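Student: Assemble chain Y onto chain S, guided by the hints.
Taken in sequence, the protein lines are chains S and Y. This note's numbering applies: residue 1 is where the first sequence begins, and numbers increase by one. This note's numbering applies: residue 1 is where the second sequence begins, and numbers increase by one.
Hints are computed from structural coordinates only; laboratory data are not their basis. Hints should not be assumed to be uniformly reliable.
The list makes no distinction among identical chains, and a pair is therefore deemed to hold if it is satisfied within one copy or across any two copies.
[What the hints assert, rightly or not] Cut-off 16 Å, straight-line C-alpha distance, at most; resulting in silico cross-link-like pairs (EDC-like, lysine to aspartate or glutamate):
1) K62 <-> D41
2) K73 <-> D41
3) K399 <-> E378
4) K86 <-> D65
5) K73 <-> E8
6) K76 <-> E92
7) K88 <-> E105
8) K265 <-> D160
9) K62 <-> E72
10) K303 <-> D324
11) K399 <-> D133
12) K107 <-> E75
13) K114 <-> E195
14) K377 <-> D395
15) K377 <-> E7
16) K114 <-> D402
17) K114 <-> E378
18) K328 <-> E366
19) K386 <-> E226
All values derive from a computational prediction rather than experimental measurement.
There are 2 protein chains.
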Amino acid sequence: MSDLLEEELGTWRRSHYSVDIDPSLNEIQVIIMGWVSSIRDHGNIKFIMVNDRFGHIQVALKKKDSSSILLEKVEKLREHSSIAVKGKIRSEAKAPNSAEIVPLELKILSLAKKSSPFQMQSRKPAGIDTRMDLRALDLRRSLLQSIFNIRYTVLSSCRDFLKEEGFIEVNTPKIIATATEGGATLFPIFYYDREAFMAQSPQLYKEQLTMAFENVFEIAPIFRAEPSRTNRHLSEAISIDVEKAFVDYNDIMGLLEKMIVYVIKKINENNKTHLKFLGSALPQVTVPFPRYRYTELIELMQKAGESVSWGDDLAFQKLQRLEDLNAKTFYFVTDWPTAIKPFYVKPSNDQPKECESFDLMFKSLEISSGSTRIRRKEELIERMEKQGLKVGAFDYHLKVFDYGIPPHAGFGIGLERLIMSICNLENIRDATLYPRDIDRLTP
Amino acid sequence: MSDLLEEELGTWRRSHYSVDIDPSLNEIQVIIMGWVSSIRDHGNIKFIMVNDRFGHIQVALKKKDSSSILLEKVEKLREHSSIAVKGKIRSEAKAPNSAEIVPLELKILSLAKKSSPFQMQSRKPAGIDTRMDLRALDLRRSLLQSIFNIRYTVLSSCRDFLKEEGFIEVNTPKIIATATEGGATLFPIFYYDREAFMAQSPQLYKEQLTMAFENVFEIAPIFRAEPSRTNRHLSEAISIDVEKAFVDYNDIMGLLEKMIVYVIKKINENNKTHLKFLGSALPQVTVPFPRYRYTELIELMQKAGESVSWGDDLAFQKLQRLEDLNAKTFYFVTDWPTAIKPFYVKPSNDQPKECESFDLMFKSLEISSGSTRIRRKEELIERMEKQGLKVGAFDYHLKVFDYGIPPHAGFGIGLERLIMSICNLENIRDATLYPRDIDRLTP
Numbered sequence: 001m002s003d004l005l006e007e008e009l010g011t012w013r014r015s016h017y018s019v020d021i022d023p024s025l026n027e028i029q030v031i032i033m034g035w036v037s038s039i040r041d042h043g044n045i046k047f048i049m050v051n052d053r054f055g056h057i058q059v060a061l062k063k064k065d066s067s068s069i070l071l072e073k074v075e076k077l078r079e080h081s082s083i084a085v086k087g088k089i090r091s092e093a094k095a096p097n098s099a100e101i102v103p104l105e106l107k108i109l110s111l112a113k114k115s116s117p118f119q120m121q122s123r124k125p126a127g128i129d130t131r132m133d134l135r136a137l138d139l140r141r142s143l144l145q146s147i148f149n150i151r152y153t154v155l156s157s158c159r160d161f162l163k164e165e166g167f168i169e170v171n172t173p174k175i176i177a178t179a180t181e182g183g184a185t186l187f188p189i190f191y192y193d194r195e196a197f198m199a200q201s202p203q204l205y206k207e208q209l210t211m212a213f214e215n216v217f218e219i220a221p222i223f224r225a226e227p228s229r230t231n232r233h234l235s236e237a238i239s240i241d242v243e244k245a246f247v248d249y250n251d252i253m254g255l256l257e258k259m260i261v262y263v264i265k266k267i268n269e270n271n272k273t274h275l276k277f278l279g280s281a282l283p284q285v286t287v288p289f290p291r292y293r294y295t296e297l298i299e300l301m302q303k304a305g306e307s308v309s310w311g312d313d314l315a316f317q318k319l320q321r322l323e324d325l326n327a328k329t330f331y332f333v334t335d336w337p338t339a340i341k342p343f344y345v346k347p348s349n350d351q352p353k354e355c356e357s358f359d360l361m362f363k364s365l366e367i368s369s370g371s372t373r374i375r376r377k378e379e380l381i382e383r384m385e386k387q388g389l390k391v392g393a394f395d396y397h398l399k400v401f402d403y404g405i406p407p408h409a410g411f412g413i414g415l416e417r418l419i420m421s422i423c424n425l426e427n428i429r430d431a432t433l434y435p436r437d438i439d440r441l442t443p
Numbered sequence: 001m002s003d004l005l006e007e008e009l010g011t012w013r014r015s016h017y018s019v020d021i022d023p024s025l026n027e028i029q030v031i032i033m034g035w036v037s038s039i040r041d042h043g044n045i046k047f048i049m050v051n052d053r054f055g056h057i058q059v060a061l062k063k064k065d066s067s068s069i070l071l072e073k074v075e076k077l078r079e080h081s082s083i084a085v086k087g088k089i090r091s092e093a094k095a096p097n098s099a100e101i102v103p104l105e106l107k108i109l110s111l112a113k114k115s116s117p118f119q120m121q122s123r124k125p126a127g128i129d130t131r132m133d134l135r136a137l138d139l140r141r142s143l144l145q146s147i148f149n150i151r152y153t154v155l156s157s158c159r160d161f162l163k164e165e166g167f168i169e170v171n172t173p174k175i176i177a178t179a180t181e182g183g184a185t186l187f188p189i190f191y192y193d194r195e196a197f198m199a200q201s202p203q204l205y206k207e208q209l210t211m212a213f214e215n216v217f218e219i220a221p222i223f224r225a226e227p228s229r230t231n232r233h234l235s236e237a238i239s240i241d242v243e244k245a246f247v248d249y250n251d252i253m254g255l256l257e258k259m260i261v262y263v264i265k266k267i268n269e270n271n272k273t274h275l276k277f278l279g280s281a282l283p284q285v286t287v288p289f290p291r292y293r294y295t296e297l298i299e300l301m302q303k304a305g306e307s308v309s310w311g312d313d314l315a316f317q318k319l320q321r322l323e324d325l326n327a328k329t330f331y332f333v334t335d336w337p338t339a340i341k342p343f344y345v346k347p348s349n350d351q352p353k354e355c356e357s358f359d360l361m362f363k364s365l366e367i368s369s370g371s372t373r374i375r376r377k378e379e380l381i382e383r384m385e386k387q388g389l390k391v392g393a394f395d396y397h398l399k400v401f402d403y404g405i406p407p408h409a410g411f412g413i414g415l416e417r418l419i420m421s422i423c424n425l426e427n428i429r430d431a432t433l434y435p436r437d438i439d440r441l442t443p
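Chain S on its own, in the form it takes in the complex (with noise of 0.2 Å):
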């Protein structure tokens, strides 16, 4: 019965991208195409609300001058139905944006049978369960429009600036035969007739590639498994890396931080619109981002009166206690205890007990990791030895470092973690489009 409504688009195309109409346009013919929002009737007249990825704009149906398949068809109208209407624009200083569209004929291209189960307008609309559900439905929100956004903006600016630095962009194999940096919070695969695992990071590939492309960079999934359930903390999420030959990790600091600089400089300008929506304004950043060294952290934290003692990790907790360094932005934290990094991580030349190493903090969040890296293929082994990983299992990646590998520094970024930050997001869920955790698999 509804199903005889929908129709096809047929010759019926898109005038405009958007529904953001110049109300200067009045009289002319367009077509415009989006999902109804809001119906809303007068008695005499009927507004629908339809809205595109770039806004709404209202289309006002007097009955005594539409048709009367104008009219039955509007009748089976729900919101989020998608719809396409030919019309006339007429300017309208009460309409909302100053224009509204006069339809002529309408098309249903897709018919809601059922109401959203939660509020599109609310900030908190539901519990994040019931959004994720049905996360293409709760994605139409303004708020998270503007996050997903936000986030394109992020990829793109990073991928622009990277490209302006001299980097270039790889791909390396998310199957591999062994863990990076140990195998507690590897996903296995059956490849093949093998035991394979997914990749938690393209650590070693982005070093060898530093032997043939110098300047790389690669942003991908990783996986995780991440037996805590955290709301900053997801299964599968999207990494930053950059790998640099000739310098260290001072140098790939400043690269860093220049980064972070130039995106969100580049949401200031991009996305004037969706900032309306977050409810909250970007950090303020200058470079250079302030330093602390590991050593000076835990010597700040244990005259705060925290348990800490030096050589253990900086406790998300802990660190939220410190009121100083939350007033704060980002900052840098250098110079960990080799005992605590990677294998792969280099240890200072006076001091080995500690390493040319840092990590990037938003507040007390975690959101980067960057160091020099080991060249020696001894000095790697040695570390490997220490860390109780099988040195054989890694002897695909070692076996390259007999062939002049040049010195070499990097980093890896969340990319969720960086968009909770920028956007002060409370769960890292709302910055993925399908969040993966311990407990969902689905959609």
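Tutor: Here is chain Y on its own, set in the frame of chain S:
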């Protein structure tokens, strides 16, 4: 012993990104860094060729003008070692780039311990497995440098094109609960305590996302358990996936051919030096690409004496024998039998045995598939059942179809196959950095 000669970067940094030095910079002091591609001893003078990702420059070391420490270091050098040279530029007509470096100081940053097992200058230096085992070294070859720089242009120009066309880049999960197109070619994963799979396509997600973002694209790995050993299949590949709301497959063919033309134009503009090493010109392209209906092609093949029937898939080997087709570069095959296309492909309204679908071919190689998609839930369910899929397993997907999903169409294009076509490669393995297939899981 040799290790003692390896030095740290210290305060040294490159003066330029490239060794591709302008001879007019005569007498300017620079620091260059790169890998040694040859050492020639002419008695009183030694020539060291230093390569970086832009080219190479000759370092000319006169024995009588050089310190003993400099001479001693050069004595230890071996091809592929990474070095840094501080010296003066001298314009020199006989040098390869009309300029050379007169060294003042030299640092061996990383000493090659072994000689390369294959020839770096040769176009076919060794069997593919020998090269793959030392892939990072293999990638220093000029031919591969060219391919992967062109590949980067393909990636970045696709992204630029799609941005200009009003698309947003998305990332969809690679860990999924159910097969998209039947379960035959999936890699299973242990996902915590459940079974999951690696995504063979972002198909269902990109379709869903047209609800919220209308025009979406994703460039990401896809995973297929291909049991075949051929030169055109990989177990892990990069797919450029595009999906657009409010259009049909004809619009999408127009978009795809426009993208290919854009990409080839950009390679011609940006990769002049790299194109020289390819040894073959880029395919000439103009829009529209030729279009053959599937039915028409079957008739052509039958006339050519091939034993094919309407309803068969088009076999690579049989297509290869059609001289007319193989004289072309890119062309479309349209309106395929519904029965051999996936469940989400929309049957034609007038002739439901055919569907609104296309493959983009390059000679006899399929490089892309696209179609108008079904947007009615009942129709999707019917098609799933016909193809023997478990409808219940797609619940998470089907339920968003209750909320007014717009008409949509799209395509997926295999990046490596596109690179093969553009660069005239025989083996798809050279279009990817670290290939994965039934036999190869490392490096």
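Student: Now tell me if each hint is right for this structure.
Tutor: Quick rundown of the hints versus the structure:
For a Cα distance limit of 16 Å, the shortest separation of K62 from D41 inside one copy, 10 Å, qualifies, whereas the shortest one across copies, 92 Å, does not. In this homomeric assembly, K73 and D41 come within 16 Å of each other (Cα to Cα) only inside a single copy, at 14 Å, whereas the closest approach across copies is 87 Å. With identical chains, the CA atoms of K399 and E378 are at most 16 Å apart within one copy only, with a shortest distance of 11 Å there and 56 Å across copies. Taking CA atoms no more than 16 Å apart as the test, K86 paired with D65 passes inside one copy only; the shortest distance there is 15 Å, against 83 Å between copies.
Taking the shortest alpha-carbon separations for K73 and E8, only the intra-copy value of 14 Å comes in at or below 16 Å, while the best inter-copy value is 75 Å. Taking the shortest alpha-carbon separations for K76 and E92, neither the intra-copy value of 27 Å nor the inter-copy value of 82 Å comes in at or below 16 Å. In this homomeric assembly, K88 and E105 come within 16 Å of each other (Cα to Cα) only inside a single copy, at 10 Å, whereas the closest approach across copies is 75 Å. Taking CA atoms no more than 16 Å apart as the test, K265 paired with D160 passes inside one copy only; the shortest distance there is 13 Å, against 19 Å between copies.
Only within a single protomer do K62 and E72 lie at most 16 Å apart by alpha-carbon distance; the minimum there is 13 Å, versus 93 Å between protomers. With identical chains, the CA atoms of K303 and D324 are at most 16 Å apart within one copy only, with a shortest distance of 13 Å there and 81 Å across copies. When the C-alpha separation of K399 and D133 is checked against a cutoff of 16 Å, the pair qualifies only between copies, where the shortest distance is 9 Å, while the shortest distance within a copy is 47 Å. Proximity of K107 to E75 under the C-alpha cut-off of 16 Å is restricted to the intra-copy arrangement: shortest distance 13 Å within a copy versus 80 Å between copies.
Taking identical chains as interchangeable, the C-alpha atoms of K114 and E195 are never at most 16 Å apart, the minima being 45 Å within one chain and 32 Å between chains. Taking the shortest Cα distances, K377 and D395 sit within 16 Å of each other inside one copy (11 Å), while across copies they are farther apart (51 Å). With identical chains, the CA atoms of K377 and E7 are at most 16 Å apart between copies only, with a shortest distance of 15 Å across copies and 66 Å within one. In this assembly of identical chains, K114 and D402 lie within 16 Å of each other by CA distance solely across copies; the values are 6 Å between and 64 Å within a copy.
Taking the shortest Cα distances, K114 and E378 sit within 16 Å of each other only across copies (15 Å), while inside one copy they are farther apart (65 Å). Taking identical chains as interchangeable, the C-alpha atoms of K328 and E366 lie at most 16 Å apart only when both belong to the same chain, with a minimum of 13 Å there against 53 Å between chains. In this assembly of identical chains, the alpha carbons of K386 and E226 never lie at most 16 Å apart, being 24 Å within a copy and 39 Å across copies at closest.
In summary, the numbered hints that this structure violates are 6, 13 and 19.
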